[in-house]
Amino acid sequence: AQSVTQLGSHVSVSEGALVLLRCNYSSSVPPYLFWYVQYPNQGLQLLLKYTSAATLVKGINGFEAEFKKSETSFHLTKPSAHMSDAAEYFCAVASNTGKLIFGQGTTLQVKP
Amino acid sequence: DTAVSQTPKYLVTQMGNDKSIKCEQNLGHDTMYWYKQDSKKFLKIMFSYNNKELIINETVPNRFSPKSPDKAHLNLHINSLELGDSAVYFCASSQGGGHQSLHFGNGTRLTVT
Numbered sequence: 018a019q020s021v022t023q024l025g026s027h028v029s030v031s032e033g034a035l036v037l038l039r040c041n042y043s044s045s046v047p048p049y050l051f052w053y054v055q056y057p058n059q060g061l062q063l064l065l066k067y068t069s070a071a072t073l074v075k076g077i078n079g080f081e082a083e084f085k086k087s088e089t090s091f092h093l094t095k096p097s098a099h100m101s102d103a104a105e106y107f108c109a110v111a112s113n114t115g116k117l118i119f120g121q122g123t124t125l126q127v128k129p
Numbered sequence: 672d673t674a675v676s677q678t679p680k681y682l683v684t685q686m687g688n689d690k691s692i693k694c695e696q697n698l699g700h701d702t703m704y705w706y707k708q709d710s711k712k713f714l715k716i717m718f719s720y721n722n723k724e725l726i727i728n729e730t731v732p733n734r735f736s737p738k739s740p741d742k743a744h745l746n747l748h749i750n751s752l753e754l755g756d757s758a759v760y761f762c763a764s765s766q767g768g769g770h771q772s773l774h775f776g777n778g779t780r781l782t783v784t
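Protein sequences appear in the order of chains A and B.
If you use the working numbering, the first sequence corresponds to residues 18 to 129, in order.
If you use the working numbering, the second sequence corresponds to residues 672 to 784, in order.
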């Protein structure tokens, strides 16, 4: 069965600093992995998606994630945090039964 | 021209009542979903429909009944509401199921008192 674990329920960075949000997955088949962002009182919005085409995936708003099979990881990074990046971030894996399984989420706080 | 729209945005009701949440998507997608987000922000799938046919039905109390009159609409009816039903319910759609990206509505915050 597929699952994801997000390490750190809350991450705080200063504006301009590197953002690193950690996600580890478990999958018995080659995974399809996603990062979604949720701004307050809104639905989730796709940031990026890994589909085995390239291990480094670039997304919207300057985010990118690297798929590392040896580490079963799909960490999300952004070189320089902006105040508008403050939100809830979810890592997800597509199951082989057609479901999207979400991690527990990481709240990103950006301090001025 | 909202892609996935849900109504109402907020729903406050008393235990034992019956309520419905409506969802419509104008993306031309063939698959629609209901997700529940609890107070700890954990998201879990409840149902999925493909071309009006139920394809995913998680372990959800049968007080919850989804209905898809056409592939652009997926409504959620809840009977005999309980305190534990309080959550944010998200509708989503995709073209095809499985590995496709989801487009989410803005959610319906249900509060049962």
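Think of the hints as simulated: they come from the structure by calculation, not from any bench.
It is possible that some hints are incorrect.
[Stated by the list, open to error] Pair ranges (Cβ atoms, derived):
#1 A:Thr124 - B:Pro732: 28 to 36 Å
#2 B:Lys723 - A:Lys86: 49 to 57 Å
#3 B:Glu753 - A:Ser97: 42 to 50 Å
#4 A:Ser26 - B:Thr784: 24 to 32 Å
#5 A:Lys128 - B:Asn722: 45 to 53 Å
#6 A:Lys128 - B:Asn733: 21 to 29 Å
Virtual Cβ for every residue (Gly too), placed ideally from N, Cα, C.
Hints, verified against the model:
no. : hint                            : in the structure
1   : A:Thr124 - B:Pro732: 28 to 36 Å : holds, 30 Å
2   : B:Lys723 - A:Lys86: 49 to 57 Å  : violated, 38 Å
3   : B:Glu753 - A:Ser97: 42 to 50 Å  : holds, 46 Å
4   : A:Ser26 - B:Thr784: 24 to 32 Å  : holds, 28 Å
5   : A:Lys128 - B:Asn722: 45 to 53 Å : holds, 47 Å
6   : A:Lys128 - B:Asn733: 21 to 29 Å : violated, 47 Å
Violated hints for the displayed structure, listed by number in ascending order: 2, 6.
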